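Asker: Sequence:
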Amino acid sequence: MRLTLVPGLLFGGDYNPEQWPEEVWAEDVRLMAEAGVTMATVAVFSWSRLEPAQGVYDFGWLDRVLDLLHEHGVSADLATATATPPPWLVRVHPEVMPVDAHGVRLEFGSRQGYCPSSPIFREHTVRLATAIATRYAEHPALAMWHVGNEYADHTLECFCPESARHFRAWLQARYGTVDALNAAWGTSCWGQHYTGFEQIEPPRKAPGPVNPAQLLDWRRFCSDALLELFTAERDALREVTPAVPVTTNFMSILHGLDYWSWAAAEDLVSDDAYPDPADPESHVAVALSYDLMRSLKQRPWLLLESAPSAVSWREVNVPKPPGMMRLHSLQAVAHGADGVMFFQWRQAKYGPEKFHSALLPHGGTTTRGWQDTLRLGADLRRLAEVAGTATRAEVALVLGWDSWWGLEAPESMPSNRLKLKDLLLAWYAPLHARGIAVDLAPPDRDLSAYRVVIVPNLYLCTAEQAKALASVTGELVVGPFSGVVDESDQVHDGGAPGPLRELLGLAIDEFWPLADGVTQRVRHAGGDVGLARTWAEWPRVVGDAVEVLARYEGGDLDGLPAITRNGNATYLSCLLDDLTPVLDRVLHDVPALDVPRGVEATRRENHLFLLNHTSTPQQVTLPQPGRDLLSETDLRGVITLAPRDAVVLRIEGDT
1 MRLTLVPGLL FGGDYNPEQW PEEVWAEDVR LMAEAGVTMA TVAVFSWSRL EPAQGVYDFG
61 WLDRVLDLLH EHGVSADLAT ATATPPPWLV RVHPEVMPVD AHGVRLEFGS RQGYCPSSPI
121 FREHTVRLAT AIATRYAEHP ALAMWHVGNE YADHTLECFC PESARHFRAW LQARYGTVDA
181 LNAAWGTSCW GQHYTGFEQI EPPRKAPGPV NPAQLLDWRR FCSDALLELF TAERDALREV
241 TPAVPVTTNF MSILHGLDYW SWAAAEDLVS DDAYPDPADP ESHVAVALSY DLMRSLKQRP
301 WLLLESAPSA VSWREVNVPK PPGMMRLHSL QAVAHGADGV MFFQWRQAKY GPEKFHSALL
361 PHGGTTTRGW QDTLRLGADL RRLAEVAGTA TRAEVALVLG WDSWWGLEAP ESMPSNRLKL
421 KDLLLAWYAP LHARGIAVDL APPDRDLSAY RVVIVPNLYL CTAEQAKALA SVTGELVVGP
481 FSGVVDESDQ VHDGGAPGPL RELLGLAIDE FWPLADGVTQ RVRHAGGDVG LARTWAEWPR
541 VVGDAVEVLA RYEGGDLDGL PAITRNGNAT YLSCLLDDLT PVLDRVLHDV PALDVPRGVE
601 ATRRENHLFL LNHTSTPQQV TLPQPGRDLL SETDLRGVIT LAPRDAVVLR IEGDT
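Numbered according to the UniProt record's numbering, the sequence shown spans residues 1 to 655.
It should be emphasised that the hints constitute simulated quantities derived from the structure, not laboratory data.
On a predicted model such as this, the values are computed, not experimentally measured, just so you know.
Heads up, a few of these hints could be off.
As the list claims (entries may be wrong) - Simulated pairs of lysine to aspartate or glutamate, EDC-like, Cα-Cα distance not exceeding 16 Å: (1) K349 - E18; (2) K467 - E502; (3) K421 - E408; (4) K467 - D446; (5) K349 - E22; (6) K297 - D267; (7) K467 - E487; (8) K421 - E281; (9) K205 - D100; (10) K297 - D444; (11) K419 - D577; (12) K297 - E281; (13) K467 - D486; (14) K354 - E22; (15) K467 - D444.
All chains, full assembly: derive it from the sequences and hints.
Answerer: Structure follows, in structure tokens:
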């Protein structure tokens, strides 16, 4: 199955014609054609318009919209319209609405108003998806299916009786017997021993801290419950249109959903990304999320939503200055996206998102925003040959959702300041600055192809995952507080690093989180001094061949090993401000590009993207001559990148 049914790089956005009089539609499609739009996402929030009463369908308006799009060369990412239930369904079946942890049933009037476990809601979504698929299976505009919308954005979990029943069934399938569950959850602690599955409830608001093992399984269950909701619609679509790819839009690096499992269930990974224009470093964090999207299926993906300028949901919604919309879009392509789409096509006149920017702003075609739209459409046409090309990464960052959920369980950790996104970014940022491509990988994947594998944190580590890490033939770097617990959140016998003990050649006698304002000096073997501000540990070397690369200096940890190496495995027992000494040691065989700070260098096969994220001109020395696809000129030697400008260099021959 192809990525999509449309050639080249996709360009377009969410189109909500139901918000406008029909006479506006002709102008919309005419301007789409002028801008070079190739795809529109349609009908995401249209359930109440498509099915105004149960079993009564009104497809006429959507027929006309799809016909207009096709006549003007625009394909449809056609939604199943199930992102929000219609009011008639909620009033007939109020039990489909979610219940929060305090037992309050939420009211209709926003979006994602549903219980993920509701069989009534699921039945209605599948019926609607089947009706839409049957109606448009042969429509020439149909390019791919869009199921739901931003799962877990507003509704990640529900605590109603139906969710409780679903949770119990999920637990019974996982553990088989209540005795096995009691053993896994450690219910002898605090007198929580169960004698039947019917006694188990979701982790609603309780008098004190909730069992962390129960919370971990709840996180797993909530991800799986929403995934069941998605796959029910996906299966209905595949039954009618098996050749049309199915996607749903992810939300970058989202805590609530295990995207490794989700990506395996869809044909195409797509993502929504909204970097903050007010943050001069936001391009680094979004690059990390883009690399995750590319890594999820190890092939190109699609940026399905982004903002042309300001959003409408931050406390202060800063617009994108000139050039930033184009630059952010080219960055997504640089990291493997085969298209750039936006929320939305025409700026809304009413509703919560009326001040959210759009490809066609309130002011129409005389605005700066419209000129940006025209320019980007032209640029993406020039980059058509990039579509389908791959990115080769020799460095991998390990990310496991189970471990993430366990690490950030509330009220049960030595420190609640260990945040996995921060740990990932601490390693990713210096790699990004060196122009080194990075894949993300689950902890149980074969990692033998990478020269360097970095595990920022693997709090929850199984024996199988430890075996996978031990099979790494290149450099392996493991961050602190790893190998602490098993899959049931129970501390490994002998303590941390559990099944990683032999691999790392050390044991952790005690965790040593640092209080506010406290810093711990770390002296590297070469003489450099670093600082740890959040976390440290009291390690004990147990391997015969362990080399100490850095020691704690001063304080209660004075003289203890801070960074060690055992064979090819390096362990950091602290969170350092500056990881340069560690990276310099392990990246010796990994090619890098010397670019100024704020300039991003990224490759897709023989295409080199150079992106200037700064507001000043930057000089860059090209590694090889080539042709800039954007300016259609040949370049060599030293070039000057204008502020927020880009070069996409096609390099012939060996890259």
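Asker: Against each hint, give a clear statement of whether it holds in the structure.
Answerer: Here is what the structure says about each hint:
| no. | hint | result |
| --- | --- | --- |
| 1 | K349 - E18 | holds, 12 Å |
| 2 | K467 - E502 | holds, 11 Å |
| 3 | K421 - E408 | holds, 11 Å |
| 4 | K467 - D446 | holds, 10 Å |
| 5 | K349 - E22 | holds, 15 Å |
| 6 | K297 - D267 | holds, 9 Å |
| 7 | K467 - E487 | holds, 15 Å |
| 8 | K421 - E281 | holds, 15 Å |
| 9 | K205 - D100 | holds, 9 Å |
| 10 | K297 - D444 | holds, 15 Å |
| 11 | K419 - D577 | holds, 15 Å |
| 12 | K297 - E281 | violated, 27 Å |
| 13 | K467 - D486 | holds, 14 Å |
| 14 | K354 - E22 | violated, 19 Å |
| 15 | K467 - D444 | holds, 8 Å |
Comparing the model with each numbered hint stated earlier shows that hints 12, 14 do not hold.
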